[in-house]
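J.: Quick note, the sequences are listed as chains L and Y, same order.
Okay, so the first sequence: first residue is 15 according to the working numbering, each after it adds one.
Okay, so the second sequence: first residue is 2 according to the working numbering, each after it adds one.
Quick caveat, the hints were computed from the structure, so don't treat them as lab data.
Worth double-checking, as some hints may not be accurate.
What the hints assert, rightly or not - For lysine-lysine, the following DSSO-like pairs were computed, each having C-alpha atoms within a straight-line distance of at most 30 Å: (1) K308/L / K400/L; (2) K25/Y / K59/Y; (3) K25/Y / K400/L; (4) K84/Y / K195/Y; (5) K21/Y / K128/Y; (6) K400/L / K84/Y; (7) K400/L / K125/Y; (8) K237/L / K308/L; (9) K74/L / K237/L; (10) K223/L / K153/L; (11) K21/Y / K400/L; (12) K32/Y / K59/Y.
Single-letter residue listing:
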Amino acid sequence: MTLTDHSKAVLDGSHSHGASVGGGEFVPESSRAARLTSFDPEAFGVPTGREEEWRFAALKDLKPLFGAAEGDAVAPWSVSDLPAGVTLEEIDRDAFVAGAAREPGDLLGAVAVAHASGIARLSVAPSTVVDEPITVTVKGSGEDVRHAMSVEVGENAEATVIVDRAGTATVGEFVSVVLGQNASLNLVLLQQWDDDAVHGGEVVASLGKDARLRGSVVTLGGKAVRLNSTVTLAGEGSSVDLFGLYFADQGQHFEHQVFVDHAAPNARSRVTYKGALAGASARTVWIGDVLIRKAAEGTDTYELNRNLVLTEGARADSVPNLEIETGEIEGAGHASATGRFDEEQTFYLRSRGISEEMARRLVVRGFFADLVHEIGVPSVEESLLKAIDIELEHVNELESADD
Amino acid sequence: MSTLEIRNLHASVETPEGTKQILKGVDLTIKSGETHAIMGPNGSGKSTLAYSLAGHPKYEITEGSVLLDGEDVLEMSVDERAKAGLFLAMQYPVEVPGVSVSNFLRTAKTAIDGEAPKLRTWVKDVKASMEQLRMDPAFNERGVNEGFSGGEKKRHEILQMELLSPKIAILDETDSGLDVDALRIVSEGVNRVKENTGLGVMLITHYTRILNYITPDFVHVFVDGKIAEEGGPELAERLEAEGYDRFLASA
Ligand SMILES: Nc1ncnc2c1ncn2[C@@H]1O[C@H](COP(=O)(O)OP(=O)(O)OP(=O)(O)O)[C@@H](O)[C@H]1O
Ligand SMILES: [Mg+2]
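Using the sequences and the hints given, assemble the complete structure.
T.: This is the structure we're talking about:
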């Protein structure tokens, strides 16, 4: 097993898997503020793997997403019935670019917009409070697509949007999320792809004054998934909670990058990502950048990534970065820990008659439990616990195949 | 009627400095209804004996045998041993974050019995046992041993023992870290299970205090990986007064 450790992450052998280390210093090669963003694919070179943002990526699998799609498939998605005050419309590229929360941060995002087969805008009118989740269902059947989407939540509006992806496809996407003053959005992105899907996505969000975003990313399926989330806390008093849950098994490469840009005073951010890995060549990458700009006095931020390595041969990279340009902050910390499956826990459970398989299931469910309950959509939470159990059954099959 | 027979048990552990022999020929027979106190100096191997019987992967059995009602315990996996009727109350119970006590107890009971317990009686049993051990029902929703105080962990061990009703229980310093009241409550719990199920007990302890509540039938002095002397309850008094010097000198 290889564990790459760029922060003060700990690999703790035999005891509790997760003695967190807070406040470790990490000096990035260059400031996030200076990183290129553009809607023009030409502005970015083709990634070589040496770039900061590409160095852990599944470049070979993602390569098709650096250019236009082959064929003219449209994105295979459908949307649940829209409640009053919510509209969905096709918009053109110029309108999308003009209203986007941020420019793309890499070639993949820029290509997704430039070569989009369609661009949709989902708007929640000001002061509309939608209780039922709005569900976007993506069911791939081998399509190769680039597409873009915009989600706009007006002043004082509240909504929950779930994007549920399954089947197989090759997808490059760019999603812009704009929250008006005091708006609230719970955005849940589920990646439950088949084992051969390739998905590169970038989600950029901008929050107005006192706006609140809860964003959950769940990646359980796909051959290669790279999902980057960038949140600009542009309005004073805005707040974001980002949760991520991933489970990679043999042959899967899941990468999640998070960038929280504190640009306004008294904003708050929490980032919590947890992953499990099983099977040789299972690979996960988490990069969490937080930038506290000079104007962002009174910032309160904390980011955490924990990985649980269930079998030999899997590799988890975890890179938290914190850049602080003002001394006047409330609090800023990060923690990163990657641990093996804890033998003492398994022994304890088994000494009470619980089988090894069940013990593993309990421990992994326990590892994810608090996170699952943060998603805030009961139907999703329930189906997620089942999906995690199914992942674990794969692990047990792997193990018995080894015997 | 059950019998646990330990014969000439040798066990070692791998350390960075090489293999370390810890158990050096343990002989001990425990029958249903009997209580055997094991007393001995720190580091003499008492916990190693307890872990070896439960099947902890860290300890390698290099010689000897362990039979439970004639069945070879050493051939069994950790969970098979529990299902066969062995229970280990650990000196340092392990925290399993995120797994609720109620889920854990129900899963263990189901595994031991081979079928899910009847919901209504089960809930009643858990409630009654927790009440008797003075455990707040709120513990049901907490993670297994997660953030429990030392004494709460020990009560939780006895709670499990009562609910899983093993044939033979090994209590590794269950009395350490308990306040006066908790010691009485936990001891009463052990006595209750003994009375109700005819449990056989191996009671590892440093103090005679618990032996005032749980009367041992035998006291064994454990020194340097094996039993150095056996006697009745009076031996415990003598050890408390004299210490282990006379055994160490001759060892
Ligand atoms: N995994 C291990 N690695 C190295 N040494 C070990 C290991 N486990 C036990 N030992 C050593 O074996 C010896 C016996 O330990 P054990 O815990 O069984 O003692 P004990 O009699 O229970 O002591 P105490 O009364 O302090 O609980 C000690 O010297 C201990 O350090
Ligand atoms: Mg001990």
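J.: Taking the hints in turn, state whether each one holds.
T.: Structure-based check of all given hints:
Using a Cα cut-off of 30 Å, the hinted pair K308/L and K400/L is violated, with the two alpha carbons roughly 45 Å apart. Between K25/Y and K59/Y the CA atoms are separated by roughly 17 Å; this keeps the pair inside 30 Å, and the hint holds. Between K25/Y and K400/L the alpha-carbon distance is near 48 Å, which puts this suggested pair outside the 30 Å criterion. Taken as a hint, the K84/Y and K195/Y pair is honoured in the structure, with Cα atoms around 18 Å apart against an allowance of 30 Å.
A distance of roughly 44 Å separates the Cα atoms of K21/Y and K128/Y; the hinted pair therefore is violated under the 30 Å criterion. The suggested pairing of K400/L with K84/Y holds, with an alpha-carbon distance near 27 Å, which does not exceed 30 Å. Note on K400/L and K125/Y: the hinted pairing holds, with a Cα-Cα distance of about 29 Å set against a maximum of 30 Å. A threshold of 30 Å between alpha carbons decides the hint, and for K237/L with K308/L the separation of about 40 Å lies outside it, so the pair is violated.
With a C-alpha separation of about 11 Å, the suggested pair K74/L and K237/L falls inside the 30 Å cut-off, and the hint holds. Only pairs whose Cα atoms come within 30 Å are accepted, and K223/L paired with K153/L is rejected, the gap being roughly 36 Å. Distance hint between K21/Y and K400/L is unfulfilled; the C-alpha atoms sit about 44 Å from each other, more than 30 Å. For the hint pairing K32/Y with K59/Y, the CA-to-CA distance comes to about 27 Å; that is within 30 Å, so the pair holds.
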